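J.: In order, the protein sequence lines correspond to chains A and B.
In this text, residue positions in the first sequence follow the numbering used here: the first is 6, and each later residue adds one.
In this text, residue positions in the second sequence follow the numbering used here: the first is 6, and each later residue adds one.
In short, the hints are calculated from the structure, not lab data.
Since the structure is predicted, the reported quantities are computational estimates derived from the model, not experimental observations.
Incorrect hints may appear among the rest.
You can't tell identical chains apart in this list, so a pair holds if it fits in one copy or across any two.
Said to hold, decoys possible - The list that follows gives simulated cross-link-like pairs (lysine-lysine, BS3-like), each with its CA atoms no further than 30 Å apart: (1) LYS234 - LYS262; (2) LYS262 - LYS249; (3) LYS262 - LYS244; (4) LYS158 - LYS177; (5) LYS262 - LYS133; (6) LYS133 - LYS249; (7) LYS84 - LYS262; (8) LYS133 - LYS234; (9) LYS177 - LYS133; (10) LYS31 - LYS58; (11) LYS177 - LYS36; (12) LYS31 - LYS168.
Number of protein chains: 2
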Amino acid sequence: MKWISDSEILIVGLGLIGGSYARGLKRLGYKVYAISHSQSTIDYALEEGIIDKGSISVEPEMVKNADAVIFGLYPETFKEWIANYQQYFKPGIYITDVTGVKGSVVYDIQKILREDVEFIAAHPMAGKEVYGVRNSDDRIFLNANYIVTPTDKNTEAAIEWCKSLGKLLGFKRVSVLSPEEHDETIGFVSQLTHCIAVSLMNCTDNHNLVDYTGDSFRDLTRIARINEKMWSELFLMNKEQLLKQMDIFMEQFGRLKGYLEDENVEGMSEMMRTSTERRAWFDKK
Amino acid sequence: MKWISDSEILIVGLGLIGGSYARGLKRLGYKVYAISHSQSTIDYALEEGIIDKGSISVEPEMVKNADAVIFGLYPETFKEWIANYQQYFKPGIYITDVTGVKGSVVYDIQKILREDVEFIAAHPMAGKEVYGVRNSDDRIFLNANYIVTPTDKNTEAAIEWCKSLGKLLGFKRVSVLSPEEHDETIGFVSQLTHCIAVSLMNCTDNHNLVDYTGDSFRDLTRIARINEKMWSELFLMNKEQLLKQMDIFMEQFGRLKGYLEDENVEGMSEMMRTSTERRAWFDKK
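Starting from the given sequences, assemble the full structure and let the hints guide the process.
T.: Now the structure itself:
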């Protein structure tokens, strides 16, 4: 399938990200269908004109007509969906997803998937601290990264198709990593940071702190507003990598603490020089 | 001394914060003098019109004319300055500071200070990741907190004077804490967060991460660009409180890690619900 303007695209799971995909694809002129478990979600999306058709049940016709299917479901639900409904897919199509963990999803899906349909996984690294289609907005992609995570089973054509999707949606940077590289990276830059923010907010129930809080604390805890169902599932699915990243962080945090205990100014300063130098990399791009 | 418009105010130490005070006070119509160790700082401040007079040495006349003195020096330098030059102060004036740690500074200064001059300490909780008078900007105060930290030695009049200074400079919230309450609060909301950001940046030297970094990581490490001289001094001066806060954080981080190891979804979810609920407090104000 190519990205031609009369393609019909089905989005399964119309939350914040699925809804934002729908908005972007509609804006580009595609026909967009959606399946959601919630009627009010479908109603809202229809009223807003971000989908052409929607259903709360899996209508075989809707699936059969789709030239591409994008899954915005929780990982476990995603696997169940494929097992239950893949017989309806049009032969030869590509399907993709938006799941935040790859190793434990991609291989499982590819294993159970029909041979005449190709699953090419992707992770749009965009989000907000709010949820649902009502908060969807395809502008969240503009400054964000999009990672395609192919396996040996994927064809070059599917990889290119999936990269095109990221480019069409306006992502700032589209790149390719193996599922394993992806999970290690995400364990560090995304999951570990959420663990830190959650832990920080659990340290005290002192309401008065709000009065004395500067930007630092606000910045470090913005992501402490978290969807506990989704994130605990994501943490579990990347358990080994995340535990490894947590250990690495605790080692560095413990090193800094040790320097402070010993009043080792040179040790603390060296860590601060390193952090200053490395943080500058992130300001350049 | 009252805040009358022909007051002459001396700022000792013309860095980011001292320079921002100078800009704000000049804008309000005060005569502003400055002492800095750097001639180029003085030259720049004069050219920009943010001070009326400046010197790289401690000119007795400049100190004698000042109706108020604001210290923007590192804590140790501040103490030395008082020991060396306090004989020049005009009798009866108030002096204040911008130091980020209080317990280990305020009592020492008050102990050595002349009886006819009153030191009322304050902490303007504003900053940037860049330094020096060239980056100064009094608009950084507009959304920030200002904390006055009196001791038993301070008079009501001096406390009110110091609060007025914060209000004049445009701080969003002006409040009063004891030096001990201040240091505990700051150990948590400011110093601990800087320790986390520094540790996080020390975890890996992988340049490629920049390509896969979302807002979470950027937010959590913004403050990893850090002035190592100033911050290691601040950490040491608040050593006991900061170590206590680091322990509390490690306990919570370890708790989350334990839940993940045990695949205890309910434990993780509960911490996430707590963090979500508490983070909302910080969005209201």
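J.: Determine for every hint whether it applies to the structure shown.
T.: Taking the hints in turn, this is what the structure says about them:
With identical chains, the CA atoms of LYS234 and LYS262 are at most 30 Å apart between copies only, with a shortest distance of 17 Å across copies and 33 Å within one. In the homo-oligomer, the alpha carbons of LYS262 and LYS249 lie at most 30 Å apart both inside one protomer (20 Å) and across protomers (10 Å), since each shortest distance falls under that limit. Proximity of LYS262 and LYS244 under a CA criterion of 30 Å is satisfied in both settings, with 26 Å inside one chain copy and 10 Å between copies. Taking identical chains as interchangeable, the C-alpha atoms of LYS158 and LYS177 lie at most 30 Å apart only when both belong to the same chain, with a minimum of 27 Å there against 58 Å between chains.
For the homomeric pair LYS262 and LYS133, the shortest alpha-carbon distance between copies (24 Å) is at most 30 Å, but the shortest distance inside one copy (33 Å) is not. With identical chains, the CA atoms of LYS133 and LYS249 are at most 30 Å apart within one copy only, with a shortest distance of 26 Å there and 33 Å across copies. Taking CA atoms no more than 30 Å apart as the test, LYS84 paired with LYS262 passes between copies only; the shortest distance there is 27 Å, against 44 Å inside one copy. In this assembly of identical chains, LYS133 and LYS234 lie within 30 Å of each other by CA distance solely inside one copy; the values are 15 Å within and 36 Å between copies.
Proximity of LYS177 and LYS133 under a CA criterion of 30 Å is satisfied in both settings, with 17 Å inside one chain copy and 27 Å between copies. Taking identical chains as interchangeable, the C-alpha atoms of LYS31 and LYS58 lie at most 30 Å apart only when both belong to the same chain, with a minimum of 12 Å there against 63 Å between chains. Proximity of LYS177 and LYS36 under a CA criterion of 30 Å is satisfied intra-copy only: 24 Å inside one chain copy versus 49 Å between copies. With identical chains, the CA atoms of LYS31 and LYS168 are at most 30 Å apart within one copy only, with a shortest distance of 18 Å there and 55 Å across copies.
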